[in-house]
Structures are given as C-alpha cells and as structure tokens.
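Chains as they are written, first to last, in my numbering: chain W, 125 to 421; chain G, -2 to 285; chain A, 2 to 363.
I should point out that these hints are in silico values taken from the structure, not numbers from a laboratory. No experiment lies behind these values; they were computed from the predicted model shown. Any given hint could be a false lead.
Unchecked claim - Derived pair list, reagent style DSSO-like, types lysine-lysine, alpha-carbon separation capped at 30 Å: (1) G:Lys180 / W:Lys309; (2) W:Lys221 / G:Lys188; (3) W:Lys220 / G:Lys188; (4) G:Lys180 / A:Lys261; (5) G:Lys6 / W:Lys221; (6) G:Lys110 / A:Lys123; (7) A:Lys266 / G:Lys165; (8) G:Lys110 / W:Lys309; (9) W:Lys131 / G:Lys6; (10) G:Lys165 / W:Lys221; (11) A:Lys81 / G:Lys110; (12) A:Lys19 / G:Lys112; (13) G:Lys188 / A:Lys347; (14) W:Lys131 / G:Lys55; (15) G:Lys16 / G:Lys6.
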Amino acid sequence: MEKSKSKAWLYLLPAIIFLGAFMVYPLIDVFIYSFEEGYNSASQSYFGTGTYNYLYILHDPYFLMALKNTFILVLVTVPLSTLLSLLISLALASVKKIRGLFQTVYFLPYVTNTLAVGMVFMILFKKTPYTEGLVNIILSFFGQAPIDFITGPYWAKMLVLCVYTVWVVMPFKILVLTSALASVKEEYYSAARVDGTTSFRIFTKITLPMISPMIFYLVITGFIGAFKAYSDAVAIFGTDLNAAEMNTIVGYIYDMLYGNSGGYPSYASAAAIVLFVIVLTITVINLLVRKKHVFNG
Amino acid sequence: MKNSNSLKKSNITRKALRKGAVYVFLSIWAIAVLFPFYYMLLTSFKSYSSYNSEFVPKLYTSAPTLENYINAFKAVPLADYFLNTVIFTIATTFIMLCVIIPAAFAFSRLEFKGKSLVFTLFLALMMIPNELVVITNFVSITELGLRNTFTGLVLPSVTSVFYIYLLKESFEQIPDELYYAAKVDGTSDFKYLCRVMLPICRPTVITVTVLKVIECWNSYVWPRLITDNEAYYLVSNGIQEIRENGFGRENIPAMMASVVVISLPLIVVFLIFRKKIMEGVARGGLKG
Amino acid sequence: MKVVLDSLSKRFPPRGKKGKEVIAVNNFSFEIPHGKLVGLLGPSGCGKSTLLNLICGLYKPTEGEIFFGDETVSELAPEKRGVGMVFQSYALYPHLSVLQNIIFPLENLKGKDKLSKEEMKKRAYEVARLVQIEELMDRRPSELSGGQQQRVAIARALVKMPRVLLLDEPLSNLDARLRLQTREEIRRIQRETGITTVFVTHDQEEAMSICDLIVVMKDGLLQQIGKPQEVYDDPINLFVAKFLGTPPICTFDGEIKDGKLYIGKQEVMSPFDLPDKKVYVGVRPEGFVPEECGKFICTLSALEVMGRDVSLVMQNENAHTDKFRAIVDSDMPIDTTKTTVSLSLKRNKVFLFDKETEERVY
C-alpha cells in the first residue's frame, strides 16, 4: 500500500501535464501579455510594459460596442430565459401524459450545432429579393410593415440575437429546473394541502424556496454564459461582426487575435481580462445576494 | 345535494380547462423548438427554383428532391468536413478518457500526500473561463507550427476538470470493501480500475463520453482559430464557409441540406442516449 | 497453518488537531493452532476487526510480528500472505456473475501459479460444490438472497486455497433463522477443508456454538483465550464472565467474613479460603437450586415456563441489575403462592471477583 503513494502521482501525471500546459501556463501568460504594450505576434516585439493595452481597448469604439451589445444581451436574455424556463418546468410538472415527449423535444436544441441551427434562424428572419422571410410574413398579418432583421436597424438585429440566444439556452434551464422540481418531496405538497393551503401559497412558500438554490445556480451560469456569447452571433450575422454592429466581447477578443484585424494578442489579453473581471464581479455580487435570499436546505 | 353536485361539476370543468391551457402552453413551446428543425428539413427537400419562387414559403412541398443533398456533397467538401470532425471527435474523446480516468482514480481511491491540496487546485481551475487561456494556447500552437494539424486541434481540448470531478464522485460511490477484497486477492490497482471500477461506473463513463462527443462535434471557436486550411475544417467551420463562400450563389436549400447532414448524427446519438445525456447534464450541466 | 501473533499493537494517529491517538490493538500475543476455527469476540469497538485486518495484511502493525507457521508475514502485502477474506457486506463485484466473482482471485495469479481457463473453472466449480451454490453460477449477486451471497463470498475466499481463512462478522447481515443455518455451514466447510479459520463476531452465542477456541477482547486488550466451555466455566475476570452466557450471569455485592460468603446479611456459602474482604459475586443462571433449606432468599417476580426448563425472574436488593434470571429444571418444586424463594447455590457456578481490579479471586 505504501507503494501507491508514488503511483498516485503517476496516475495524475497526464492530467497535470495537460492542465499545466494548456491552462495554468496560459493563465499566467495572459496577464503578462496584457501588460506588454502593443505586442505584435508577427514581429514578436513590444515597445514597453504598462497599462497601455487596457487604455487602448477602452477607447476602441469596437470594444465599447461589443461591451454594450454584451450587456444588452445579458440583461435581456438571462431574466427572460430563466422566467420562461420556470414557467415551462412548472407546466411540465403539472402534467403526466406525454411529459417525457415534451422533455425530449425541449432538450433538442442542446445537442444541435449552434452554427447550423443559427443559419435556420437567419433564414426565417431574413429579407431577400425573393421573399420577406417567414417572420415578416407572419408579422404582416398584424399589419406590420416588413423589417430587415439581419442587415437592418440595430434594435431588430439585437432582437433576433436575443430570440436565438434564449432559444439556445432554454434546454439546459428547463432540464435543471425540471429535475429540481422533481426532487421536492411529494409529502410537502400533501402536508400543505391537508392544511388547506392555496396553490399560489404552495408555490411561493414551498416550491419556490425549495428550488431557489437551483434558480440561483441558473442565474449565475446564465450570466457567465451570456457574457461569453459569441457563436450565436456568428451563426446569424456571419464572421464579420464588427461590420454588423453585433460583436460581443468574446468576438472582439478573437478578432484581435486572429482574422482580418488580428495579430494583437496583447489587446486580446487585455480584453479577456476585462471580461474576466466583469464576470467575477457579477458572480461575487450574485453570491452576496444569494446569502440573503436563498433557502439552504 | 343538487347544489354540491353542480359545484363539483364546475370544479371539474375548471380543472379540465386549466389542464387544457397547460397543454396548449407546452405545445406552443414545443412548436417553437421543433419548427426550425422542420423548416430546415423541409427547405432541404425543396428544389432551388421552387424555393426561390415562393414569396410566401410553403410549409409543405409537393415535389421533394434529393438534389440539394447531392449538391451539398459535390459542390462543397462536406464529406471531408464530416470526416475531419469524426477524427477530431474520436481522438479528443479517446485521449481525454485516457487522461481523466486515471486522475479520477487517483483522487478517489489512492492515498497520497497533498491529495486534498491538488484536488482543490484542480477545482479552482474549473472557474477559469476558456477565453482567458485560449489566447496563449493560440500563440503557442502557432509557434509550435501546429496550425492546420489534428495535433493542434486536439491537444488543448483533452482535459476537463469537470469530467474528472464527475467521475471521481461516481468512483467514490463504490464501497471500500470491494477494494480491500481485491487487494486481498492480489489485484493490482490498475486491474482493479479496469475490471471493477470502470464496469461498475459504466453509466457515468458513457455520460462523460457522450457529453464530450457533443462538445467536440459542436466546437467552433478553437477550430476556427487554429485552421485556415479547408482540408482541416470541422463541420462548424465548414458550415460558416459554406454560408460565406459556398455554392457560388446563395443556395439556401443546399445550405439547409448541409445543415441537416451536420445536425443529424448528434440528434441520433441524443435519441439513443437520451436518458444518460439528460441525467449527466442535469447533474452538473455544461461548465460555464 | 498455525498463526502466531507476537506482542502485536496497532495505533492509529490522531484525527484532527484535538484528536487522540487510538490504540485499537494493544500488545497482543497468542497462538492459533493449525486447522482450528477461532472466534474473535468482544463488544463493538474492541479492536477485533482491526486485529483481523492486521492478520489479513490490509493494516500494517505498529509493533510486533505475525507468523504464519514459522514464516513472518508482518511486512507482506495481503496478496502474498495467502489469506482468504470474507467481508461483512460480502464485497461481491456487482457487475460480475457468481462464476466470474469466484474466478476473479485466480486471474490475479502470475508466473508459475498461473492457471488455464479450464483449471480456473474446475477450481471454481469445486468450491461451489463445497458451499453448495453450483446451480447459481450464472447469476448476478443482486439476484441472490443474503445467505447465497454469503456462500459466494466464502467460495471466492476459498478458491485460491488460502492458508488462513478470515471472516469479518460473517453472520451479521443475515436474519435469525439463516444465521443458525449458516453458522453450521461455516463449521462444516471449515471441517471439510481443514483451513485455519478466524472469524470476528460480537455475538457470544455464535462464537460459543461453533468455535474450537474463542478469544475475548476488550478495549484492544486480550482478556482470555480458550475453548468455549473452559472460558465459560472458568472466566478470568468479571468482564469475561458477564460477556459469555445467555441469559447473562447474575452479579451481586458480597462479602467474605471468617471464610463465609455473605450476600447482604445472608450467609450463602462456606467455606472459602480467602481473607475477609468485599467482593462481587457472580452466579450462572443454572447455578441456583430452589430448596426449602436454601439460605439465599429472593423476591420472585415472575415465572416463565419454557418446556424443559423454568426461568425464575427474581429481585434482590444486592443484585446489580433490577431483575435477574435463574434457569432450573421444570420438575423442581416451586411454591408459586409465596412471594419469595429460598435458593442454594452450586459451588462450581459461583465466581468471586475483586472489587477493585474485577479480577477473579475464586
């Protein structure tokens, strides 16, 4: 048994090597990059150290746009998708027939390629010379003039992005909330009913507190996920997100790193660290709020 | 008596109405989820000319055609994208299993100094967003000259702290006595892992494998950074390429056919492993 | 194979900052002769399972040596010791069939001990026949009853022909009826194979009924070792006397004065070649004889007829327990109209213990 001490490290070795090379080292490196002013990967040179990179991106209109887009996306989709998934899970919990079928259907977007299905959304919304797009045709029944959702006004593009983002994140939330609701013991409901509790009171006093840790978990992961939005936008608006005014922070990072405007890993690093700090702050605020409001059974 | 009966009746109708409303609500969402899939399938069977002649898109087609599928494989190297993705997915998943299973075993079964410290460090890594490390990884892979190679594609994606954690939890469910019994019989640690732990924890191993396969199949960002040679495109990058440069003109039915081909394998995998996937995701969900 | 333990100790390091070092086994020495069935007996937490794990090799002793025959095995890994072990919860591999479970240890053999597939199967069926589970070989453990699982676990322990067979609380997971059956079974299998066997139990009846030798432990210390009847008839101290026997021994406060034994004011027996002192008196339930001339008077609170025997439930102000039981022949004349009984004591069923040390003085 004593032998196992050194053997344990042998078992851990591959994981440590890979994590060290592709997680720990890059983590340290990204901080270094972010302070190396104007590092250019083509010439492998930089002209000093300091906060220049941060100042640069904070004055870059593309970054500010990405920041704005990301914040709108987060503030719209996280509450909306959480609320909608809660409603759907509650509805699911109240039915027995074909519940399994509904659950399977609802989960489908989780396993499909975001890029691929995004293209379908684009087509549904897109106005072309041949057709105004299915969504516009439906809107026209309500007397709405056709809107160019994909290349038109900012709010229309943002709307499409939000709709698609909600569609993409719903499966995970519905699944988590459904299993949370299923884990609330039937006895609680029976006991409440025996006491003549109304169903609204049962919901607010029993169901909600019992699943509040899970709702909270969804809000936190939802925030983190939405702040990292990128491929949804690419799916609908193509790879040149700056031109479409639909770039996100993560998109900005990749654009700085690679592509037409790429080759500036230090700007990308600075943007990545700004993103990290934002996410960290929001998470900490969330955790503080949680302490006050969430029931911990 | 009469009164209570009619009260009962109105109660029953109210219940039925509420039930009906719930089903309508659930069905609306089901349609919202399924409609894009239906539309994509439908469009992929419409001919180019008939699609473009419909100002109001029809929700059925009277003359289904396979021409778009043939087009999808002929006009763009969809089959190559497909093959690349299969190679990438299998290689990544296989190497990942070889890395995480021993690590989870060490954490769950073996005793060594600093175990809890190392495990805490591992958990801490779970908090690190991918965007933070992808920059340096991109630079190192580029400097190593591994762009446009499978090695460059695979290597950074083969460890997952989350899956190590999931497996470790599952391994720890196995009673200690089984390990002692195997020890008394002279079973080596490695053999115990292969012959006892893995078979008992097969459900978790399958879950982890399937989740990783999904992740690989849908991965877009890293492959996009690391490949600019079409010969190494994965399906996600391929679909983007098709959209921007494929087919010479905006051929939406052919695009939809490619989208169907790309989505189908995962939907099949999902329908087979439905329970395992949903359980696995519910247990810890997607990281981040 | 005889097993010798020589001043064996096992101490566990303290847990946490405020924890105390735990001495699970304290300076143990005894010898288990070849081919005997030995029961390690004691209340829970007395270190008997630790001792078993030391013999098996899952624990390394802090001090002392273990010998199998003349060979020391203290430093050997479990698999090198040639022991078979049956775990309390059986530890059957849930994903393997009964046959695969039994073969499992054989597959670990290497070098010259390596067996062919056929030999393994033959060996597996031999032990399966011995424990009578041949017809269950294709089943999974979850499809077996507790008793059947127990047999599979024994078969798996026996298949590699161990030098020593170890059983950890083998009967504790079985219901009362199966327990009786299974302990006979263990006895039979041990007789047929002749393998030196050690088993751990907290149930003294179980140990008494099938063991050649019993080892009584308390707080990591060896109390007494001997044949069950010897230990019962000749306990070394109050703990051993109390631990063995159902119903338990009856104990009283007593005193030796002028070579006579008093319980309370009543002189109950003489003569004793002991100095005057206060003692504890232990009387086995079968050591009471109700007769007119009996000098020990007790209050009779109930009388339970159990066929061959009658159990008298009595009270006495000097007894350590509120009520105590005596077992007497059913043809003994007992006047149930009276509220008291007069009893004489059988001399060989009475033990005296020192009040301070609780050691036996007579």
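Comparing the hints with the structure gives:
1. G:Lys180 / W:Lys309: violated, 41 Å
2. W:Lys221 / G:Lys188: Judged against 30 Å, a Cα distance of about 46 Å means the pair is violated.
3. W:Lys220 / G:Lys188: This hinted pair is violated, its Cα atoms lying about 45 Å apart.
4. G:Lys180 / A:Lys261: Not OK: lysine 180 of chain G and lysine 261 of chain A at ~60 Å, beyond 30 Å, violated.
5. G:Lys6 / W:Lys221: holds, 23 Å
6. G:Lys110 / A:Lys123: violated, 44 Å
7. A:Lys266 / G:Lys165: Violated - the C-alpha atoms of lysine 165 of chain G and lysine 266 of chain A are around 69 Å apart, more than 30 Å.
8. G:Lys110 / W:Lys309: Answer violated: lysine 110 of chain G to lysine 309 of chain W is near 41 Å, above 30 Å.
9. W:Lys131 / G:Lys6: With Cα atoms ~73 Å apart, lysine 131 of chain W and lysine 6 of chain G exceed 30 Å; violated.
10. G:Lys165 / W:Lys221: Outside the cut-off at roughly 37 Å; violated.
11. A:Lys81 / G:Lys110: holds, 26 Å
12. A:Lys19 / G:Lys112: Cα-Cα ~22 Å, so holds.
13. G:Lys188 / A:Lys347: Given pair lysine 188 of chain G, lysine 347 of chain A is violated - Cα atoms ~62 Å apart, limit 30 Å.
14. W:Lys131 / G:Lys55: violated, 65 Å
15. G:Lys16 / G:Lys6: holds, 15 Å
Consistency note: the structure conflicts with the earlier hints numbered 1, 2, 3, 4, 6, 7, 8, 9, 10, 13, 14.
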